[in-house]
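S.K.: Chain A is fixed; fit chains B, C and D onto it per the hints.
4 protein chains.
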Amino acid sequence: MIDQLQDLKERLRRFAEERDWDQYHSPKNLAMALIVEAAELVEHFQWITLEQSQSLTDDKKTEVEAELADILIYLVRIADKLDVDLYRAALAKLQNNSEKYPVDQVRGLSKKYNEYP
Amino acid sequence: MIDQLQDLKERLRRFAEERDWDQYHSPKNLAMALIVEAAELVEHFQWITLEQSQSLTDDKKTEVEAELADILIYLVRIADKLDVDLYRAALAKLQNNSEKYPVDQVRGLSKKYNEYP
Amino acid sequence: MIDQLQDLKERLRRFAEERDWDQYHSPKNLAMALIVEAAELVEHFQWITLEQSQSLTDDKKTEVEAELADILIYLVRIADKLDVDLYRAALAKLQNNSEKYPVDQVRGLSKKYNEYP
Amino acid sequence: MIDQLQDLKERLRRFAEERDWDQYHSPKNLAMALIVEAAELVEHFQWITLEQSQSLTDDKKTEVEAELADILIYLVRIADKLDVDLYRAALAKLQNNSEKYPVDQVRGLSKKYNEYP
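Residue numbers (my numbering), protein chains in the order written: chain A, 897 to 1013; chain B, 897 to 1013; chain C, 897 to 1013; chain D, 897 to 1013.
So that you can see chain A by itself, here it is in the shape it has in the complex:
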């Protein structure tokens, strides 16, 4: 099995180098590019209900899939430029969240929930 995030990182690095686009990839610019892609994702959901968002048509799903791909691409790219290990960072954050929101305290408490996912 290959390391998917590592593989993507290397492919994206090569992609930028071949095109001499590395010069544009400062973390500030990449953060902007990432949020632009996130907004293209949001756009697909802006006028539909929560229920409708759970049962997209195949065409819509294909479009949404491409937006998710774009977000991952910029996320991997900015993490590379900042020398961040995304997987390790996510595990640490998840550990953090587990302590911040203990199961026995937040379960079913939507008020608590409102302050967090």
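These aren't lab readings, by the way, just hints derived from the structure by calculation.
Be a bit skeptical, because a hint or two may be false.
The list treats identical chains as interchangeable, and a pair is accepted whether it falls inside one copy or across any two copies.
[Claimed, not checked] Straight-line C-alpha distance at most 27 Å; calculated DSS-like pairs for lysine-lysine:
id	residue 1	residue 2
1	Lys905	Lys957
2	Lys989	Lys905
3	Lys989	Lys977
4	Lys977	Lys957
5	Lys905	Lys977
6	Lys905	Lys996
7	Lys956	Lys989
8	Lys996	Lys957
9	Lys956	Lys977
10	Lys956	Lys996
M.R.: Only chains B, C and D this time, still in chain A's reference frame:
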């Protein structure tokens, strides 16, 4: 080696189930949560120069790392709810971009670049 | 009656000048600041239903009001830096939209709607 | 002189009513639409330098102007749905900011600035 994206997907699924938070995780809501995290990333870069964004202090880098983790967390979560394989989707997008921006045509052309990364 | 957008523009100009913050207010930076504020607005709505978003508590409404204010502040500021007349631009856009979405063609057509507000 | 924000509010209300689009304009949806427009603004600036953002071409400026208009349109619309007086809210926020960032304490202090505009 473990499959990192698959591992995260399962951990996040368990995290939500244990807290009964799955009910809040419609794709529409998750897309909103994702862009909110993307904006927290952008916030770190909003008043600094491109150069400064390339040499963050250690404290700042730690904060930025946590934002990147949050983005990945919601990205993996929404992909799971929509049954999207993030890695495969990113590879397909990258293949697409390679054809759209052939090396010999876009190299060093910042005008072309302006329309894309 | 005073011209509210003009009045805000002048107050914000003075505010930045007094603090010597004008140097940070390039349109690129201000666009980032604006989307960060827009995300703080989105954050208030991310886990609630469409119905709940229509009947906020007084506390929540006060918070949302402050986010709307922040968005207007950066919007007026960036428009000033780019020498854009916001009101005139909005009228032009509205005229445009009226022609693009004629009442007799789009009324009640949610499919059409999905592509636009 | 007319009250520009009030005038826009009424025009947008009429626009939505005529098309029967009011049903889609919950604050949650409108917050999403607003951030999507903010991202379209950000997109124009993502690959250019701070300096370049200060001297846009006429074509680019026309496009940016249309994005600013879209942001104002959704901002006025969501404020209407939430019964918020945008101008008053902005004045209150500005008063707040004046107290939070006193001229004699923050002038020229970019470190302080980093935490705020």
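S.K.: For every hint, state whether the structure bears it out.
M.R.: The hints, checked one at a time:
Taking the closest pair of Cα atoms, lysine 905 and lysine 957 come within 27 Å of each other both inside a single copy (25 Å) and across two copies (19 Å). Taking CA atoms no more than 27 Å apart as the test, lysine 989 paired with lysine 905 passes in both settings, with 21 Å inside one copy and 14 Å between copies. Proximity of lysine 989 and lysine 977 under a CA criterion of 27 Å is satisfied in both settings, with 20 Å inside one chain copy and 20 Å between copies. In this homomeric assembly, lysine 977 and lysine 957 come within 27 Å of each other (Cα to Cα) only across copies, at 11 Å, whereas the closest approach inside a single copy is 30 Å.
With identical chains, the CA atoms of lysine 905 and lysine 977 are at most 27 Å apart both within one copy (10 Å) and between copies (25 Å). Taking CA atoms no more than 27 Å apart as the test, lysine 905 paired with lysine 996 passes between copies only; the shortest distance there is 20 Å, against 31 Å inside one copy. For the homomeric pair lysine 956 and lysine 989, the shortest alpha-carbon distance between copies (16 Å) is at most 27 Å, but the shortest distance inside one copy (31 Å) is not. Taking identical chains as interchangeable, the C-alpha atoms of lysine 996 and lysine 957 lie at most 27 Å apart only when they sit on different chains, with a minimum of 22 Å there against 34 Å within one chain.
Proximity of lysine 956 to lysine 977 under the C-alpha cut-off of 27 Å is restricted to the inter-copy arrangement: shortest distance 14 Å between copies versus 32 Å within a copy. Only between protomers do lysine 956 and lysine 996 lie at most 27 Å apart by alpha-carbon distance; the minimum there is 22 Å, versus 36 Å within a single protomer.
Of the numbered hints listed earlier, not one is contradicted by the structure.
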